[in-house]
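Trainee: In case you want the letters, here they are:
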Amino acid sequence: MLVEETLKRIQSQNGVQGIIIINSEGIPIKTTLDNASTVQYAGLIHQLVMKARSTVRDIDPQNDLTFLRIRSKKNEIMIAPDKDYFLIVIQNPSD
Amino acid sequence: MTASLVLTVESVLSIVSTLSSGMEIVHVYTKLHSEFGRQCLFSDRPAELLVDVPADQSLASQFTQRTRRDQSLQASRDMSEHRVNTKRFESESCGLNHEEGGWPKDVNHQVMEQTIRFRKKVEKDESYINSILQLGSVMEHCIRQNNAVDIYQDCFEDGEMPEEHQEPPSAKTINVFRDPNELKRTVTGLSWHPDGGEKLAAAYSCLEFQKTSRDMSLDSYIWDIENPNRPELSLKPASPLVCLEYNPKDCHSLVGGSYNGQIAYWDSRRGSQPVETSSVEHSHRDPVYKIIWLQSKTGTDTFSASTDGQVLWWDVRKLSEPTERLVLDPSREGNPERALGAISLDFESTMPTKFMVGTEQGLVVSCNRKAKTPTEKVVCTYDGHQGPVYALQRNPFFPKNFLTVGDWTARIWSEDIKESSIMWTKYQMSYLMDACWSPVRPSVFFTVKMDGVLDMWDILFKQNDPTLSLKVCDEALYSLRLQDNGRLVACGSQQGEATLLEISSGLSTLQKNEKSLLAAMFERETKREKILEARQREIRLKERSRSEQSRSEDGGREDIDQSPLQLMARAEEDFYVLTETEKKGKEREDQDLSSEL
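From first to last, the protein sequence lines are chains X and A. First residue of the first sequence? That's 949 in our numbering, and the numbers climb one at a time after it. First residue of the second sequence? That's 613 in our numbering, and the numbers climb one at a time after it.
Derived by calculation from the structure, the hints in this document are not laboratory data. Hints should not be assumed to be uniformly reliable.
Examples of chain X residues lying across from chain A (beta carbon under 8 Å, computed) [what the hints assert, rightly or not]: (1) ILE958; (2) ASN962; (3) GLY963; (4) VAL964; (5) GLN965; (6) THR1003; (7) ASP1006; (8) ILE1007; (9) ASP1008; (10) ALA1028; (11) TYR1033; (12) GLN1039.
Quick list of in silico lysine-lysine cross-link-like pairs, DSSO-like style, CA-CA up to 30 Å [said to hold, decoys possible]: (13) A:LYS1196 - X:LYS999; (14) A:LYS736 - X:LYS978; (15) A:LYS699 - X:LYS956.
The beta-carbon is built from N, C-alpha and C at its ideal position, and this holds for glycine as well.
Go ahead and model the full structure; you've got the sequences and the hints to work with.
Mentor: Following this line, the structure appears as structure tokens:
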């Protein structure tokens, strides 16, 4: 319930195109996009987050990745990583 | 050498004292009072000889005097230089196929039920709920941030491009493509891929007479400019290729002229072996120095030139026999004995019936393909160079003017003036091997020389010297090609290295009024040459009429009576007359210009 409310709140924000929740193995748990895109995002982003996290930790082992933002020409992909799950939100710029 | 040891108790003491005062060395010596003996009574004493070792001359024979030498000493650590080079590893990029995975073993991800069940299970998990709540709040913060400020807003209006930075012209090497074989061959021909130019075809051969060895590889390569480590495709002809050209209409087909005179046609989709090769009987008898694709409806016509004096036309679909043949005989008789060897060819697609051939003898022959009789095929000749004309190209913006390169100069000609070139560079330090115009700037052309220097000439900026001179490598550069966008230059050297350079934007973007300024310059030079030509003709006519007159008077006596001295005097006179008239001609022209202004 609480989870649902949170996700609904995020979805209602301006410009949000889609939300995906994936677990540490890359399996999408919850998504608002279609299956094909979800699978693609899940696979690609999972690898990217692993790489980013290992980069941060290689530079300073005390450090850890807290947030990852990928800005592209068309939209912005925001990834909030946790120990077991990642929350991915795709947002369009507000014009 | 004598040595005497002299020691007294006093001197020992004094040494000790100086030492201790200089270096603050303190030595404490304790002894029980009872153990002290009688006090020391010091007294002066004369020096007493203790040991005297006289020199033994007999030993001197066992020694030799060492030569005096200056040796410098340095008190520093011993260091050594050591170089390390990592081993090059070959990497190839290839794609990966992603399949959905990560599902635990008992869940078959094709089956909807199982996946839904798995998902529901996860959603009930305590840690899931906690982490999502926490992540959600972080995410919301960032989303709100994005909404507050438009991150994609254009802060600086992209107005007009900054005008003329006037940066000094420069070029930088991007890549060097080396001949992968042990025995290096010269890069004699280069050709860019027609669309976009991501690939460069290079023809490798050894042009030095009888220098080719049995082990020398016959291959020529197509390089992808991003990957200098190994060629994308290797072309395997029967004999090394001297020149190679991509078809501008079809980016997969290439035609190459080889060292033994044959022409071969490749399709890069089909692989390394030529699709077809011309038959030996009907090909050239000497290396094919240049081959160009023609503009035709079928897009399959080419023509080739070689030092055996022939220009042959081919249809690549049927290479067994040339479609047409032309013998470059200046006397227009089509006599192969007297033919001139051809080294370079030029063909402009805007003038499809005319083409020009540069010969070994220094003549440039302009020909008309559509002429009916062989005598009319050779339209006119331009005598310019003292050596073979290695490169010949029309200016892409002003087709009436063409550039030739040979001996130690580069010359620009106008089609109408047959006597001499309208503009020429001064004599360079080494032989010029190849040249080409820039496809984007009408006043810029490039030349390569035997000392490995690439020169860029901008005739609107400076005519006496190249605008930019770059030493590309230590050995001679044999070939040069510019890519169609005008920014990339490829030049090939004698050791099989093809260097790719990028030119600064100053030399590769069209400047304002460039075309009109250049047109005016060519006009002016052409006019000057015309005036000189006219004056020359006048003088010659006068000479002829004078000699005719005198001949009718003397009846041939003049020729026999002329001694060397008289001939020299005559020659001197003629020289002074000529220079006078030229000077007058120039003055007149200057006057004309000043009167125009």
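Trainee: Against each hint, give a clear statement of whether it holds in the structure.
Mentor: So, going through the hints one by one against the coordinates:
1. ILE958: Interface hint status for ILE958 (chain X): holds (6 Å vs cutoff 8 Å).
2. ASN962: 5 Å, holds
3. GLY963: Since chain A brings a Cβ to about 7 Å from GLY963 (chain X), closer than 8 Å, the hint holds.
4. VAL964: 7 Å, holds
5. GLN965: Violated: closest Cβ of chain A sits about 11 Å from GLN965 (chain X), beyond 8 Å.
6. THR1003: Nearest chain A Cβ about 20 Å off; hint violated.
7. ASP1006: 21 Å, violated
8. ILE1007: Nearest chain A Cβ about 22 Å off; hint violated.
9. ASP1008: 21 Å, violated
10. ALA1028: 4 Å, holds
11. TYR1033: Hint holds; TYR1033 (chain X) Cβ to chain A Cβ min 5 Å, cut 8 Å.
12. GLN1039: GLN1039 (chain X) check passes; min Cβ-Cβ to chain A is 6 Å, inside 8 Å.
13. A:LYS1196 - X:LYS999: 81 Å, violated
14. A:LYS736 - X:LYS978: At roughly 12 Å apart (the allowed maximum being 30 Å), LYS978 (chain X) and LYS736 (chain A) satisfy the hint.
15. A:LYS699 - X:LYS956: Not satisfied, since the Cα-Cα distance of roughly 56 Å exceeds 30 Å.
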